[in-house]
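Please arrange chain F on chain W, whose structure you already have, making use of the hints.
Here the protein sequences come in this chain order: W and F. Counting from 1442, one number per residue, gives the positions in the first sequence under the working numbering. Counting from 1442, one number per residue, gives the positions in the second sequence under the working numbering.
In case anyone wonders, no lab produced these hints; they're calculated from the structure. One thing to keep in mind: the hints can contain errors.
[To be verified] Below, in silico cross-link-like pairs of lysine-lysine (DSSO-like), each with a Cα-Cα straight-line distance of 30 Å or less:
1) LYS1603/F x LYS1569/F
2) LYS1567/F x LYS1481/F
3) LYS2075/F x LYS1971/F
4) LYS1481/F x LYS1461/F
5) LYS1971/F x LYS1971/W
6) LYS1971/W x LYS2075/F
7) LYS1948/F x LYS2075/W
8) LYS2075/W x LYS2075/F
9) LYS1677/F x LYS1677/W
10) LYS1571/F x LYS1677/F
11) LYS1971/F x LYS1893/F
12) LYS1461/F x LYS1569/F
13) LYS1499/F x LYS1697/F
14) LYS1601/F x LYS1499/F
15) LYS1866/F x LYS1971/F
Protein chains: 2
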Amino acid sequence: MKVQSQIRQGAYSSDAFIRKYQRLVSDTVLPYQYAVLNDKAEGAEKSHVVQNFINAGKAVRGEDTGDGFYGMVFQDSDAAKWIEAAAYSLRNFPDPVLEKQVDDLVDIIAAAQDEDGYLDTYFIIKDKDKRWTNLLEAHELYCAGHMIEAACAYYEACGKRKLLDVMMKNAEHIYKVFIENNHGGFPGHPEIELALMKMYRLTGNEKCLSLAEYFINTRGTDTDFYKRECEARSWKVWGCDPGNGEYQQSNIPLRKAERAKGHAVRAVYLYTGMADLAAETCDSELFEACKRLWDSITKRQMYITGGIGSTVHGEAFSTDYDLPSDTAYAETCASIGLMFFASRMLENEVNGEYSDVMEQAFYNTVLAGMQLDGKRFFYVNPLEVVPGISGVAPTHRHDLTQRPGWYACACCPPNAARLISSFGKYAYGENENTIFCHLYAAGTVCFENGMKLVCETDYPYGFTVRYKVSGSGCLAVRIPGWSSSYSLTVNGSSFTGAPEKGYVYIKTDGDSEIVLTLDDTPRFVYASPKIPRLTGYAAVCRGPLVYCFEGADNDGDVLQLGLDTEGSISTAEEPELLCGTVRLGVPAFRTAQTDGLYTAQRPAYTACTAYAVPYYTWGNRGENQMRVWLPVRK
Amino acid sequence: MKVQSQIRQGAYSSDAFIRKYQRLVSDTVLPYQYAVLNDKAEGAEKSHVVQNFINAGKAVRGEDTGDGFYGMVFQDSDAAKWIEAAAYSLRNFPDPVLEKQVDDLVDIIAAAQDEDGYLDTYFIIKDKDKRWTNLLEAHELYCAGHMIEAACAYYEACGKRKLLDVMMKNAEHIYKVFIENNHGGFPGHPEIELALMKMYRLTGNEKCLSLAEYFINTRGTDTDFYKRECEARSWKVWGCDPGNGEYQQSNIPLRKAERAKGHAVRAVYLYTGMADLAAETCDSELFEACKRLWDSITKRQMYITGGIGSTVHGEAFSTDYDLPSDTAYAETCASIGLMFFASRMLENEVNGEYSDVMEQAFYNTVLAGMQLDGKRFFYVNPLEVVPGISGVAPTHRHDLTQRPGWYACACCPPNAARLISSFGKYAYGENENTIFCHLYAAGTVCFENGMKLVCETDYPYGFTVRYKVSGSGCLAVRIPGWSSSYSLTVNGSSFTGAPEKGYVYIKTDGDSEIVLTLDDTPRFVYASPKIPRLTGYAAVCRGPLVYCFEGADNDGDVLQLGLDTEGSISTAEEPELLCGTVRLGVPAFRTAQTDGLYTAQRPAYTACTAYAVPYYTWGNRGENQMRVWLPVRK
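Okay, chain W solo, but in the shape it has when bound (with noise of 0.2 Å):
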């Protein structure tokens, strides 16, 4: 069945708290990024972006090339992704001179673009032979996907269809390569699957749903073809394994594939395309293929957090129940990955597994990415520091204890400003006759098929939200899996019908109110046993956010904590606290410290009342130590 489940075109407008994020994005970090795009950014590391497009162009022209390509091979996908995300923030916040700016960006871009429809600046400018001989290594798929995705959005938000065209044809010419000419392989990091999956439909154009069609199906099928193509070039760019199937899931068929394996980001980009591609046709086969991957990521491999990819090493999946606290990894790209692949199976099969997870990896991963000011980034988020080891002990390098700013390798802030821009499109669905309120976002949402619904909620710190709905049709509210208890109004009158599989259905016909209240206890959460760094350990939560419990708001020390899950946990509204949060106020036991590494004393502890705020707040007051789980002291 096609659910359809995912809003394409219709309006979304919001306010409250997600609106707060795009206010951010907007005002902060858009004009930042374009800056360091620009190279105009105080302090930041050279970008050279926009340059090298415009020295590409030279080279299409002919021209001499001045100084060159600059930057990571990828480096033309920040470019991409901060179209894109300006497009989405368009939409939100109507803004001539951010249009203006993406306007005159496309136009360069568009100068970039090889006669044959070819795009990428680094093959342009340094070596047109070497294009398409890299695939293991060179990003040229990924960028285009990239580019592809921004140029639906820009479409989509201002109905400009220049960077369609560009990227059109370049589809097209890759369609030329891989179909028509059979060059043979697939893209190193997937990407571009998901983004021929928009473009198809937005288009209608066919040779992008063949062209995703084919590097989904030939992935793994062909185990050779990396080292193959290694051996047949005289240059790389880090020297990647072209043997290492897992890291970059080639190494199987992915029809059969049973275990999320190897880098994260690059999995759960894949995962998304592969579930779009099944939606689009009904593929039944690719489907379970995807369910069985979901549940590998997220019933044995995801940290509570909604953070995935545990290990730094390769930035990839670990073994399963391998979840610890101090050395995660857990990027803020694969999370936002891992919500792309939610929203995909939505489309799918409307189930609230799905949007739990979405909702799960949002409000905690991908928000604790970013600095409350929308100055400082994480790529890496940890569920423990430790100042002293954190960052400074050989196997904790990577995990910091505060965000640092732009990052020569930029995937992830432009990822979670493209992300929380759009976030309507994740928040909300709609089919022929129904539409889906995937997450809770409090604002108007006009639906293709007719209906309208305005939403009125303080989520994720209120627990009521309130809709408005027009239009006859059915409105599918999730029921979130991690509230014990509801209640559903409909126009004043109690609804009884059973949530199917995580929602209820709700036939309207003219105008509805429909009050969904949720449940606001903070719960203590326990992980299964199964995961060693867990056991004998719980954590706090309250609707979506999970919380952690910081130095600065517990005497300087966490690890002395232990919890009391037998008492019950106060919740204190604190507008000037981080932004306006609600601190829990746990009750715990303190541990005196001892002397010496070890003892057969039993420690002395007294009753105390632990604090604790929301896990996307932690690190915005300075370098403290900071614990997602605490030990079970009773």
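Chain F in isolation, oriented as in the chain W frame:
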């Protein structure tokens, strides 16, 4: 004060627990290692150690060197450690066959020595001109050190001085190079310092003392030495970073060192030499540095098992309190080196702190390094293994669930053999009028000061230690820090003298019988809350033995277990289990398995008895889960 607490020449024999291990070394370990050295052990990796010496002999005589050199640059040291272990073993169990093997090998080694006294097969065979050009990597001084130790041990054991003469000549050569010819620099891998101190004590040759003093006093003062050396040579072994002074303890003058850092084995070998020199020359400044380094290790960086060097990255010390159980490195050789260091600290100051740690390292990490049958060995000694994660996850690859056989880098097995065979050297000490009982070991000891001691005990499983002392003087008996109470009688009367720094001093004249009874109660042990990875956890110990929980005793799963520390632990003698042990029954709870990764449902648990076996016996019953630390549920 020069304490001279280590016995050097005195005869020593033991029985019971230690004797069994010494038998294992003589009957299994040494013959197997001898076969390996001669490339006659089935299934073992090629060693070529003896052949290297044979080929070097040919080179010295100007003959064709046949198949040349094979193996690690420090391959010679395998022969040295084997001879040293064989020497100690011959003192325990005279054995003409073994003695003949040693004599034959000594002949081969002697024939490989160059005219000028130089002896290192790698350079003699491969390239004479590269001698002393790569102190950073080439292990020439390390190999010399081990062979000096072997020479001293064999002379002490059998009175044969051929190897001693060879190594005296070698030491004279090194003296010429470094002192007379002012070559500069110090060994990349310390070891020769402690060896030179041994040879100085045995022979009285002042050049040995000067050379040890030179290496210790120079190290870390000329911090650019390795960089200059690296620039001056055109070859490398592995390409070690000459600027990584922390790794090789060369970034700070040793007298100024505050913290144990870098490669753990190198560090403790070096600190052993420092403590040796401090004792010998009454150098209080150097001893103060040793004390700081001792505290840095034992008060902030040591596992409960006496394991040190917690990180696989550089086999090194990490930051303070970073002591992960599952990703531990804790190399067997590092704990052996820690015993060396402790024994030399006792030469400076008789203090139970040192003997406690010596015992802790021996009965736990060192013994755990060897399979109970003496045939397989751990280099890495984790305090937790979970099949499916340990040895598999990228961060856990080094933490194996089962002991492998012989390694290409064969440092730990022969090191364990020489340590076990010379246990008496660590157990007993003496000076003019006092004999010191640092460790409890059954057997008869004749001291140079004329006193004689017969010790009867079933330690570490029996807690009564009976000493029959003859001769006139003082007996210093250690009261271990772990024993919360003890009783002591002298000829049947209670002895009431208070311990000084962990030792009671008993004057004896003629024949006395002294009976020490220690606390045999199993105990829960708690870690400092400064160790993040152990908060809320406890371990179980009895006497010097740290216990662990294995799947084999606990229905295959120990991750579900939590301790009831309010209950008391039972003991059961198990003569058939794990070569004879005492198993502990620990009050505990077993948590039920849950669905999914995380749940707000408080996990159900049932009271049970968890069974623990000594850590040194783990991994002897096939692959299964193992944990030293369990969460405290009550």
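Here is what the structure says about each hint:
1. LYS1603/F x LYS1569/F: holds, 24 Å
2. LYS1567/F x LYS1481/F: holds, 24 Å
3. LYS2075/F x LYS1971/F: Measuring from Cα to Cα gives roughly 21 Å; hence the hint holds.
4. LYS1481/F x LYS1461/F: Cα-Cα ~26 Å, so holds.
5. LYS1971/F x LYS1971/W: holds, 26 Å
6. LYS1971/W x LYS2075/F: The given pair, whose Cα atoms are some 21 Å apart, holds under the 30 Å limit.
7. LYS1948/F x LYS2075/W: Violated, because 52 Å separates the two Cα atoms, which is more than 30 Å.
8. LYS2075/W x LYS2075/F: Satisfied, since the Cα-Cα distance of roughly 7 Å is no more than 30 Å.
9. LYS1677/F x LYS1677/W: Distance of about 26 Å is within 30 Å: holds.
10. LYS1571/F x LYS1677/F: holds, 10 Å
11. LYS1971/F x LYS1893/F: violated, 46 Å
12. LYS1461/F x LYS1569/F: Given that 30 Å is the threshold and the Cα spacing comes to 45 Å, the pair is violated.
13. LYS1499/F x LYS1697/F: The hint is violated at about 46 Å.
14. LYS1601/F x LYS1499/F: With a Cα-Cα distance of about 25 Å, the restraint between LYS1601/F and LYS1499/F holds, given a limit of 30 Å.
15. LYS1866/F x LYS1971/F: violated, 35 Å
In this structure, the earlier hints numbered 7, 11, 12, 13 and 15 are contradicted, and the remaining ones agree with it.
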